[in-house]
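Student: Here are the chains, one letter per residue:
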Amino acid sequence: MNCKHVQELLPLYVARDLEENCAQQVTAHVQSCVECAGSVDEYRETRQLLQQFAPPPFSEAVYAGIRQRVLREIGPEATAPGLSRLLESLFRPRIRWAVATALLLAVCVSAFYFIANRTNDQQQVPDIRHTVDGPTSSSIKESEGLPPASIVKNKGPVQGLAGSTHQSQRRKRIGSAPDRSASVNSADTRSMSSQTSPNGNNLAEPDAVPARDPATSGKPLRVEMQTEDPNIRIIWFTPQPTKQDSPSKFSKGT
Amino acid sequence: MYVGSSKFAQVPSGARDMALAVEILLPVNALTQTQTSLTHLIERAASGDTAAFEQIMIHSQQRVMAMTWRMLGNEADARDASQEVFLRVYKYLGRFKQDQDFFAWLYTITVNVCRDLAKKRQHHSDRFMSLAAGADEGAFAVPAEQEDAEEALMHTQQRELIARAMATLPHKKRASIVLRDVEGLPTDEVARIMKSSSTTVRSQISSARKKIKIYCEQYLRRKERSQ
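Residue numbers (the working numbering), protein chains in the order written: chain A, 57 to 310; chain B, 16 to 242.
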């Protein structure tokens with residue numbers, strides 16, 4: 057180990073910051089080299105000076121002033137330690153809990169919509185049947201109250217009939233009544249769809265029940281229900297209701 | 016041969032030993048006597064107990080003030096830095112882990128605060144130098160009743176010399192040398208405080224010692240020539 061290398065290591069050697077093996081080599085060199093030994097003394101004196109590099113003694117007033125300023129700064133924050141810390145801990149953002157809550161809410165909302173739609177579908181079928189079987193003003197009004205469907209009478213041509221389960225059921229019912237099926241089949245759908253009710257009233261209203269006019273009672277009453285889905289419209293034909301009509305007579309026609 | 020060695024050798028060894036004893040006495044005693052109670056105080060302070068936090072400040076104020084003074088070189092900046100250190104300690108006390116060394120954590124905050132303050136005050140280096148040159152009358156004053164006039168003058172000159180030498184060091188080297196040689200912490204502990212590796216800290220310390228030694232040699236050489 058030459059002097060140049062030792063001189064590089066001396067700053068660490070004087071404070072025993074070198075590894076044991078390296079320190080022993082430096083010690084061996086310093087013992088045999090006067091110049092490097094002098095450098096060691098100089099570094100040691102410099103280090104002693106550093107260790108004496110103490111601040112002047114500060115008075116207690118200085119420390120008290122620092123403490124007071126710090127306490128004044130944190131005072132508003134610490135006046136209500138219990139409540140503020142509790143609130144802070146409660147509302148401290150925690151990513152895991154936030155994500156878990158969001159997922160839970162998403163699942164709940166999805167389940168709610170799924171169940172709600174399913175219930176509406178189940179409710180529509182019996183109500184419509186009821187309306188068809190007993191086409192009185194009160195039954196039409198009941199069906200009007202269903203949220204997903206609205207009753208439309210004779211509005212425009214028939215469109216989008218395919219794929220409607222309720223309509224196929226209704227057609228089966230109509231088909232089972234020979235008299236009615238004949239009247240339905242003989243009627244021009246487009247012309248019928250453009251017709252209004254015999255008295256021109258909207259069936260959606262309670263007073264929209266067509267009058268029991270003998271002249272018009274022979275014509276089938278066309279009732280359309282537009283569901284929320286614009287592609288699904290429920291249409292059925294009913295005989296003009298009479299006071300003596302009953303669900304059992306309906307199949308016989310008028 | 017070291018140029019200034021003859022001058023420094025004239026300083027009575029008693030004065031140096033006394034100053035050294037005071038420097039070591041405070042941290043060691045504070046650490047051993049208050050370690051248990053300090054943990055309890057930290058828990059209370061973290062829950063918002065300001066009285067407990069004041070006790071923590073009392074325990075650590077001398078250490079923080081000395082460190083900030085050594086890093087910044089004057090009392091005014093040291094006061095501001097110490098205040099900021101304690102504010103940060105209070106703010107982040109909830110993040111302090113009980114298995115950590117509180118004073119190492121405190122030193123980390125202190126070093127960061129001093130760095131930020133030095134950046135904020137661009138004239139830091141000039142101010143350090145001006146104060147080291149004696150502009151601040153009380154900065155390097157030594158009580159007359161402790162030492163006679165000659166010793167006081169010698170002591171002041173030594174502090175002035177080291178202060179000037181420290182002012183030439185960049186922040187990281189100054190922090191490393193203060194923590195290692197002045198505070199007496201082991202190199203590994205310094206590395207943890209500085210959030211660096213031991214090798215890097217050793218390199219910084221070695222470079223800082225070399226620079227300070229060269230500065231002292233040049234300063235005393237100029238002084239001898241002027242005389």
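Since the hints were made in silico from the structure, they are not lab data. There may be inaccurate statements among the hints.
Only pairs whose alpha carbons sit at most 25 Å apart, straight line, appear in this in silico DMTMM-like list of lysine to aspartate or glutamate [to be verified]:
| hint | chain 1 | residue 1 | chain 2 | residue 2 |
| --- | --- | --- | --- | --- |
| 1 | B | K187 | A | E91 |
| 2 | B | K210 | A | E98 |
| 3 | B | K225 | A | E116 |
A few chain A residues facing chain B, derived, Cβ under 8 Å [what the hints assert, rightly or not]:
| hint | residue |
| --- | --- |
| 4 | P67 |
| 5 | T102 |
| 6 | L159 |
From the three backbone atoms N, C-alpha and C, an ideal C-beta is built for every residue, glycine too.
Student: Any of the earlier hints contradicted here, and which numbers?
Tutor: 1, 2, 3, 6
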